[in-house]
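S.K.: Taken in sequence, the protein lines are chains A and B.
Here the working numbering is used: the first residue of the first sequence is 9, the next is one more, and so on.
Here the working numbering is used: the first residue of the second sequence is 21, the next is one more, and so on.
Because the hints were derived from the structure by calculation, they are not lab data.
Since we're looking at a predicted model, the values are computed, not measured.
Misleading hints may appear alongside valid ones.
[Said to hold, decoys possible] List of simulated lysine to any residue pairs, SDA-like, C-alpha gap at most 25 angstroms: (1) B/K92 - B/L77; (2) B/K92 - A/M9; (3) A/K97 - B/R23; (4) A/K97 - A/T87; (5) A/K97 - B/L77.
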Amino acid sequence: MIETLQNITAGLLLLAGSAFILTATLGLVRLPDLYTRMHAASKAGTVGSCVMLIALVFVPGADGVAGRVAAGVLFFLLTAPVSAHLLAKAAYISGTRLSSSSVADHLKTTYARDEAK
Amino acid sequence: MMRYGIVLILAIVWLAVSASYTIPNLVLGLIVGALVTFLVREQSGEAPKVRPLAVALLVILFVKELLLSAWKVAKLVLSPRMNLQPGIFSYPLKVSTDFEITLLANLITLTPGTLSVDVSDDRRTLFVHAINCSDIEAARRDIETGFERKILEAFR
């Protein structure tokens, strides 16, 4: 009985996690430029991966996995924003333009010199 | 002092990752941790003051915002007509140490609609990409009264 409940919980969490990752993927396709795409990849992707990891805790018979899951979630939360930030910064410096629907760009003056070259 | 703390944290993480909570394993974690901090010596600096209660509040706020953020992205992506006004705005920083700036930038990236892109060379300005940049003042206010204040409360 309890095992069934655990399995159902794990399954539901897996489904929820993969749904978030699906929206992250859709975001990569639908959003207009690299910067907005990073939003989808960094947020929905991170939450999706973390939820799927947490699902592992509920799988019956998987002992001692909780600590690993906690560490995995922590590493995701620490590294995902750093990679998103670096990708966005590298893209900006190498001249990737914001989508035409953008309404503000306060970074322009900082790298204006590089663009003039 | 800071170094011993880091060694201890590394050892605990090692215990969690190897999923074997035994004394020999803890000793192994401590030794490897000491070796690692010996190899990476350059930055240590002052350890930030930590207020446990304020840190707990910060973590709760963060988890809430993170879930909300994934939900918002999902809703946006699934809506048939995406009405976007993205842009990059500058944010004047009140936090000053490397640790605080890194933490704030990471938190901003994982919360609804905002993504840190760059820090100015003088480390006074953070450049943030927002998926909805129509109201810059409101976005600045959100960060200021939200995460930045909580970080200042937790680590000062």
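S.K.: Within 25 angstroms, alpha carbon to alpha carbon, are A/K97 and B/L77?
M.R.: violated (30 angstroms)
S.K.: Check the hint pairing A/K97 with A/T87 against an upper bound of 25 angstroms on the C-alpha distance.
M.R.: holds (15 angstroms)
S.K.: Would you mind confirming whether the straight-line C-alpha gap from A/K97 to B/R23 stays at or under 25 angstroms?
M.R.: Distance of about 31 angstroms is beyond 25 angstroms: violated.
S.K.: Given the hint that B/K92 pairs with B/L77, test it: the Cα-Cα distance must not exceed 25 angstroms.
M.R.: holds (22 angstroms)
S.K.: Are the Cα atoms of B/K92 and A/M9 separated by 25 angstroms or less?
M.R.: violated (36 angstroms)
Going through the hint list in order, the structure does not satisfy hints 2, 3, 5.
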